[in-house]
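In the order they appear, the protein sequences are chains G and U.
Counting in our numbering, the first sequence runs from 1 upward without gaps.
Counting in our numbering, the second sequence runs from 1 upward without gaps.
Calculated directly from the structure, the hints in this document are not laboratory data.
This structure is a prediction, so every number in the text was calculated from the model and none was measured.
A portion of the hints provided could be inaccurate.
Calculated from the model, a selection of chain G residues having no Cβ within reach of chain U, i.e. all distances over 10 Å [said to hold, decoys possible]: (1) 40; (2) 214; (3) 243.
Using 27 Å as the maximum straight-line C-alpha spacing, the simulated BS3-like pairs for lysine-lysine come out as follows [as the list claims (entries may be wrong)]: (4) 160/U / 140/G; (5) 314/U / 324/U; (6) 82/G / 200/G; (7) 200/G / 78/G; (8) 190/G / 200/G; (9) 124/G / 127/U.
Quick reminder that beta carbons are idealized off the backbone N, C-alpha and C, glycines included.
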Amino acid sequence: MSVQIEPRMPPVATAEVAAPLEVHDLTVAYHRRPVLWDIDFSVPEGCLIGIVGPNGAGKSTLIKAALGLAPLASGWVKIYGKPYAEQRRLIGYVPQRESVDWDFPTDALDVVLMGRYGSLGWFKRPGRADRELALECLRKVGMADYARRQISQLSGGQQQRVFLARALAQDASLYFMDEPFAGVDAATEKAIIALLNDLKEQRKTVLVVHHDLQTVPEYFDWVIMLNMRQIAVGPTAEVFNNENLQKTYGGRLNIISDVADALAKDVPRRGR
Amino acid sequence: MPDWLADSNTQWVLAGCVLLGISSGVLGSFALLRRRSLMGDALAHAALPGVCAAFLITGTRSLPVFLIGALIAGLLGAGCIQAITRHSRIKEDAALGLVLSVFFGFGIVLLTLIQHSDRGSQAGLDKFIFGQAASLIGTDVQVMAGCAAVVCIASAALFKEFKLLCFDAEFARGIGFSATFLDGLLMLLIVLAVVIGLQAVGVVLMAAMLITPAAAARFWTDRLDAMVWNAGLIGGLSGALGALLSTLAVRMPTGPLIVLAATVMFLISLVFAPRRGLLSKAARLLAIRSQVARENALRALYEYAEAAGAWDVKVSRDELAAVKGQNPVGLAAQIARLEREGLVVTHDGRSSLTPEGLRTAYEVVRNHRLWEMFLMYEGQLGADHVDRDADFIEHHLPRATVAELERLLRVHGLEPELPPSVHPVAA
């Protein structure tokens, strides 16, 4: 029932049209041990892009490298043709939910307001317009009723939606989401999917670290397959196949045969 | 004004201690939430060799000079901690302990050197270990006021940035607020707070001033701005209390009294704070237990009658307890309570539900079974926004979902009945 939109090829790099994200010859190393190398790709605008690979494949690291949060041993990353530092305002980021302390003394609306801090800059406090925008973002993820709820009193899925609302409040063109589907309830999963499609309609580009291989063909137009090296990057229909999965996941055949079954049926599964 | 307060020396001491309490409370809030509380301890200990070195180099005993010495030594200490954690496998807690003790030890060595020198006797630097608020004079308090002003103004101006840093440093970096810079600034401010406290409470107890008021403040609120205000208030109050107590009770040291006052306030917060305090938590638990026990008793009576097929069936407490596997004593207490509420009547030790009791029990049983159905079929119902604290399922699920759950109850043959003689109160 989902409408498969024909994935467009990346625009040819010309002076006026730069890819939302262009990664060239990227190597990232922590403590002299490379965790990601030979990464070289660019993604088209207005696409939902899944990043898949086994644990420790460097999926989160790739996002962090793009956001300037990881040390680059070589290569460069360009956002709409310019270095990250110049394009910060164009980027929205949803970190892993576990990365923060949810017992922090603040409420949902306040967390979403943090999405406005980037455009506010130093010293300036968020005003009425920011607050209204933040409320609107909470509404979009179905959390408006919880605006004044202390964040520790939200369920895991609701916390995830607050993080999504914060990214929306950044009003970005290119979004990075680190495992937004991890450990969320069915309602939140639906809300996220609706949101992703909404963003796509607005010609925004979203990169999502994703674990559930079976839903990849249904959710994403493009896929980036990683296992420390870049295995394949391209439209899901072209590159998300058995051979590449084999290369990405190595010997973990049971996962692969499950996905092969799902692919063979060629009917995207609904829900979980 | 009482006589002892009219004394200008007492006024200076009082002012100094209040300033110390306010600034360390405010900064402590950020340090606590950034998990940097022990950093304050390390910085305080690291300040001692800095102060001694400043005295050795300049030969003067003045707070501004000590401030610079403490600042440099504090930064050196913090730098060492960062270098150790970054370039070795030693974790931050070990690095903190290491730096803290090494700097303190070095400080004691310098202190001994000074005391054995000619001008050692009048330096009085050993007072910095445990503090001696009574020695505070006007110029000291002016410097302290300056430091406190810097701390409070910086915290107010960068409130948004510090909040972001404490909650989600990675996100802060991602949107262009350098976490390294903000952490460094926070550290610098902590050093300032330490310098304020040096003379009053000393390097050893300074950590308590950074941690205790902030930890106490956290109990009273779920908002960061309120927490910072409260921490400043609790800190300032501790300072005032400590200073006054030591003035009234002669020969009691001010620093430890301030710390003890803060600790008493922490303990009061821990026990009595609304919502987060221990008493409040215990009361909530008791209330829930009592409610669950009451509902269990109602359900037991209802289900016994349901199974017997007669709504006016009478049952003894022991029998009911045996059937339901409940504690007979607890059940008896609940039945007595239900009797007082007019929901149960008892004759010759055998109880049955009154019409009012049947109605109430029916609601409880129905609600309980609907929740059971909901949990069984949650995935398929795809309901949004479920509030698990909910008492009644209708208040929290859409009508269509409740209707579906009722259908499922019928499918499973679990739909509770209401005897024809008793009609439910119109909802």
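Status of the hints after comparison with the structure:
no.	hint	result
1	40	holds (23 Å)
2	214	holds (16 Å)
3	243	holds (34 Å)
4	160/U / 140/G	holds (25 Å)
5	314/U / 324/U	holds (15 Å)
6	82/G / 200/G	holds (22 Å)
7	200/G / 78/G	holds (21 Å)
8	190/G / 200/G	holds (15 Å)
9	124/G / 127/U	violated (43 Å)
Hint 9 from the earlier list is the only one contradicted by this structure; the remaining hints agree with it.
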